[in-house]
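Peer 1: Each chain is listed here by its residues.
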Amino acid sequence: EAEVAQSPRYKITEKSQAVAFWCDPISGHATLYWYRQILGQGPELLVQFQDESVVDDSQLPKDRFSAERLKGVDSTLKIQPAELGDSAMYLCASTLTTGRVNEQFFGPGTRLTVL
Amino acid sequence: DAKTTQPTSMDCAEGRAANLPCNHSTISGNEYVYWYRQIHSQGPQYIIHGLKNNETNEMASLIITEDRKSSTLILPHATLRDTAVYYCIVGGTNAGKSTFGDGTTLTVKP
Chain V
-1 EAEVAQSPRY KITEKSQAVA FWCDPISGHA TLYWYRQILG QGPELLVQFQ DESVVDDSQL
59 PKDRFSAERL KGVDSTLKIQ PAELGDSAMY LCASTLTTGR VNEQFFGPGT RLTVL
Chain E
12 DAKTTQPTSM DCAEGRAANL PCNHSTISGN EYVYWYRQIH SQGPQYIIHG LKNNETNEMA
72 SLIITEDRKS STLILPHATL RDTAVYYCIV GGTNAGKSTF GDGTTLTVKP
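Residue numbers (this note's numbering), protein chains in the order written: chain V, -1 to 113; chain E, 12 to 121.
None of these hints come from the bench; they were simulated from the model.
None of these values were measured; they are calculated from a predicted model.
What you were told as hints is all true, and nothing was included just to trick you.
To give an idea of the interface, some chain E residues facing chain V are shown, with a C-beta separation under 7 Å as derived from the structure: (1) G54; (2) Y57; (3) Y98; (4) F111; (5) G112; (6) D113; (7) G114.
Glycine included, C-beta positions come from ideal geometry on N, C-alpha and C.
Please construct the entire structure, taking both the sequences and the accompanying hints into account.
Peer 2: Quick look at the structure:
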C-alpha cells in the first residue's frame, strides 16, 4: 500500500540552528499539506500546496518558516532559526486533489526537539 | 469552517461498541463531517466522512443527526488496537483547512 514518506523521523537541534524536513507524498497526489502538532493537541495546518503552488500559508510563521514543492512532487519544510517553541511533531499529508472529497493520507511525522 | 466539541476522553470494554460523540452546531450546509484517528506516535488515519446521510465502511459507522449539528462515530466491536485519539473535523472539500481540535482519547480496556 502506498504511503507518505517523511524524513528524518526524529531531529534534535539547538535553538538558532536551521532544520529541514522532507516529505514525499503518495504518487499522483496533487495536494500536499504540512501540519504542526504540539504534544497533547491536534494537528495545525501550516501550509497547503496544489502541485507546486502554495494554496494556503496563512498559518505559516513566515519570518522563520519556509516551504517549497519545486516540481510538484516532494516537499521541504525549513525552520531558520529554530526556537524552543518549535518543538513539535511535523506531519505531512497528501490527497489526490482538492475540489472533491478525499481523505488525507498522513506520513509518520518528524518529531523535532529544540534544546 | 465550523468548530467541533468532543469529550476529552472515553473508555470502552473490548468487544463492545464504542460510540464517540461530536457536536458541530455551527456547521454550514455544504460542510462535511470527517473523522480521523491517531494512534500514539503515528500520523492521523482517515476513518470516514459524511454530509447528511449515515455512512458505513469497513472501519466504522457515522451517524449524523437530521439537523446536522452533531454526529456519532461508532466502532462496532472495539479492540485494544482501537485505543487512539479520535478527531472529528468539519469542513468543505478542502479538509486541510479544517481545525482538528484536541480530539477524544479512547481507551479500550480488556
